[in-house]
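Visitor: Letter by letter, the chains look like this.
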Amino acid sequence: MTNKYYEFFCPVKVIAGKAALEHIPYELTGMAAKRPMIVTDKGVRAAGLLEPVIAACEESGLEITSIYDDVPPDSSTTVVRDIAGIYRQEKCDSIIAVGGGSAIDTGKAVNILVSEGGDDIAKYSGAGVLKHPLKPFFVVPTTAGTGSEVTSVAVITDEAKGVKLPFTSPFLLPNAAIIDPRMTLTLPPHITAATAMDAMTHATEAFTCMAKNPLSDAYATSAIKKISHSLLHVMDNPKDSDGRLDLAQASTMAGIAFSNSMVGLVHALGHATGAICHLPHGLCMSLYLPYVLEYNLETIRDPLGELLLYLEGPEVFAATPAGRRAEASISAIRKLRDALYKRCQLPRTLKETGKVTEDQLDHIAEMALDDGSIMFNPKEVTLEDARAVLRRAWA
Amino acid sequence: MLAKRIQPMVFQARRLYVELMFQVMGRALQAVSEVDEKVQNEARALPDGFLFEMMVMPNGSKLIVEHTGQGRFRYHDDQAPRPVDLSIQFKHIAHAFLVLSFQEKTSVAFANDRMLVDGDISYAVRMTRVLNRLESFILPKLIAERAVKEYPADLHLPEKLISAARIYLKVATNFVETVRA
Ligand SMILES: [Fe+2]
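Read top to bottom, the protein sequences are chains A and B.
Per this note's numbering, the first sequence starts with residue 1, numbered consecutively.
Per this note's numbering, the second sequence starts with residue 1001, numbered consecutively.
Do not rely on the hints blindly, as some may be mistaken.
Unchecked claim - Mimicking EDC-like on lysine to aspartate or glutamate, the simulated pairs with C-alpha atoms at most 16 Å apart in a straight line are:
hint: 1; chain 1: A; residue 1: K4; chain 2: B; residue 2: D1113
hint: 2; chain 1: A; residue 1: K164; chain 2: B; residue 2: D1120
hint: 3; chain 1: A; residue 1: K123; chain 2: B; residue 2: D1118
hint: 4; chain 1: A; residue 1: K42; chain 2: A; residue 2: D69
hint: 5; chain 1: B; residue 1: K1038; chain 2: A; residue 2: E366
hint: 6; chain 1: A; residue 1: K34; chain 2: A; residue 2: E63
hint: 7; chain 1: A; residue 1: K164; chain 2: A; residue 2: D120
hint: 8; chain 1: B; residue 1: K1038; chain 2: A; residue 2: E384
hint: 9; chain 1: A; residue 1: K123; chain 2: B; residue 2: D1120
hint: 10; chain 1: B; residue 1: K1091; chain 2: A; residue 2: E380
hint: 11; chain 1: B; residue 1: K1038; chain 2: A; residue 2: E380
hint: 12; chain 1: A; residue 1: K135; chain 2: A; residue 2: D93
hint: 13; chain 1: B; residue 1: K1038; chain 2: A; residue 2: E7
As the list claims (entries may be wrong) - Which chain B residues face chain A? A few, computed with CB under 8 Å, are given here:
hint: 14; residue: E1053
hint: 15; residue: G1071
hint: 16; residue: S1107
hint: 17; residue: V1108
hint: 18; residue: F1110
hint: 19; residue: N1112
hint: 20; residue: L1116
hint: 21; residue: V1117
hint: 22; residue: D1118
hint: 23; residue: I1121
hint: 24; residue: S1122
hint: 25; residue: V1125
hint: 26; residue: R1126
hint: 27; residue: T1128
hint: 28; residue: N1132
Said to hold, decoys possible - Chain A stretches covered by chain B per the calculated footprint, using a threshold of three residues with CB under 8 Å from any CB of chain B:
hint: 29; stretch: 118-130
hint: 30; stretch: 369-378
It should be emphasised that the hints constitute simulated quantities derived from the structure, not laboratory data.
For every residue, glycine included, the Cβ atom is placed at its ideal position computed from N, Cα and C.
Could you build the full structure based on these sequences and the hints that come with them?
Guide: Structure (structure tokens):
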């Protein structure tokens, strides 16, 4: 008998497809919620993405009680406290987060405060602190990448102390994630590309890192198939709602995969690079993915080879000898990156970003070694290894 | 209680083994931190007075070490002088046994949801690397390859320390054989 053991958990109801937003009022009523608060950011509002959400609710006679649209890109404990204050003042009874990673994380954190009470969110930081279900919470993602709508994690910056507070609890998961293609139709090309590559990385790392399991594998491969199939098509036809829906669903599936089997070195390097050089997360993912796969190659040859089927389709898979499939998977990812570079200049090397200097590489390597994701990388990474990967990713 | 009546000896042996292994690891951590540069470099990033605990949930055996500065650890047995900074907790003694009898790698145990981390995750990452390094010292190459992700090519420890630790390992192996049956 092997020692293999795994856990898989995803209690989020997924409501996806055409006119998905119009299901929100029914879902709210089903949980006896009558006074929802929308948590979002200025960008979402300016892009006109709130209107369909509000209209969908009002048409069913459900008034949105309050809208907070000032979530910053890096949400803080002060913002969370302010929003919780408004929620209480307006006597709201549920939260709808509309946006990307930051708005969703903020929604999760606000839900802790308004459900558990108090003003000090730091008190609830850490793993497993929450012991009870929270208020009704819904998420409407407006990017297709982070997968935050199906993860039980939120990260909020404590500005006074200058630290990032992590929160993990299954109770942070929303009651439902609403995936409507209207929400991602207007995403600009470079964000479409970077966020899709974030999802691609979630799925690829989930499938090749230490905590992979049969259930997360199923989600990971489906996500990769959809992204490979639709990403370039959407880049060329941004208004294609079927393609947009494919990417949004892929992002959710990749989120389910990685939240159950974790990520690895690509994320460790990406988190460090984001913190030091202020580069967007998705961009870092796209940049490091092939270099890390090359570094891990001999440990992940079998699973990586399997991914060729989802990256390139059955013809290419069948035509490639089994012993060459892992390398062919890496080539497929490189080819995709080249195509994205051609369409929106998504950088493929650190040098191409124009925002990283060579003398920062050591700092990035050191910081990556302290990142939690590195624990699940299939190969044990030393400082020298991390430096070597960064040098390869340089130019 | 029913389970106790069925296999009392096995459970007793497993408990004793985990307890013994915690003691071995605690002492070995202190010893290794006195001679091995790699362990010292990893440990140096921890605050002085940092207390690390490994325990079996809910109130089982535990191992506590303190980082006393300059990358050195001091073994505290199972008594912490103050609240610990980082705790790695096995969900069940059976999971602790899998790891401490080198049937499951520490990193795999994390991946398999066998244990929880309470505290700063970056310190947990560091301590996992220290434990990997330690395991490769104590164990003969063959078993160590199973216990750690990769067997380091550059182990230079006084033979005396290694052989001392391996004596414990012998005891340990006997335990595994008894308990496994
Ligand atoms: Fe990511």
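Visitor: For the hint on B/V1108, just tell me whether its beta-carbon gets within less than 8 Å of chain A.
Guide: Cβ of B/V1108 sits 6 Å from chain A, so the hint holds.
Visitor: Assess, step by step, whether the Cα of B/K1038 is no farther than 16 Å from the Cα of A/E7, and give holds or violated.
Guide: violated (34 Å)
Visitor: With a cut-off of 8 Å on the beta carbons, see whether B/S1122 makes it to chain A.
Guide: For B/S1122, the interface hint holds, since the closest Cβ of chain A sits about 4 Å away, which is under 8 Å.
Visitor: Identify whether the interface hint at B/F1110 stands, where standing means a beta carbon of chain A within less than 8 Å of its own.
Guide: Holds. Min distance 6 Å.
Visitor: Double-check B/E1053 for me: the hint is only fine if its C-beta lies closer than 8 Å to a C-beta in chain A.
Guide: violated (15 Å)
Visitor: Could you grab the alpha-carbon distance between A/K123 and B/D1120 and see if it respects the 16 Å cut-off?
Guide: Holds. A/K123 to B/D1120 sits at ~15 Å (cutoff 16 Å).
Visitor: Grab the minimum C-beta distance from B/R1126 to chain A and call the hint holds if it beats 8 Å, violated otherwise.
Guide: Check passed: Cβ of B/R1126 comes within 7 Å of chain A, closer than 8 Å.
Visitor: Going straight from one Cα to the other, do B/K1091 and A/E380 come out at no more than 16 Å?
Guide: Measuring from Cα to Cα gives roughly 24 Å; hence the hint is violated.
Visitor: Should the interface hint for B/T1128 be scored as holding, given a Cβ-Cβ cut-off of 8 Å against chain A?
Guide: holds (6 Å)
Visitor: Hint B/V1125 vs chain A: min CB-CB distance below 8 Å?
Guide: With a minimum Cβ separation of about 5 Å from chain A (threshold 8 Å), the hint on B/V1125 holds.
Visitor: Please check whether B/G1071 passes as an interface residue: C-beta within 8 Å of a C-beta belonging to chain A.
Guide: violated (15 Å)
Visitor: Does the closest beta carbon of chain A sit nearer than 8 Å to the beta carbon of B/I1121?
Guide: holds (4 Å)
The structure does not agree with the numbered hints 10, 13, 14 and 15 stated previously, though it agrees with the rest.
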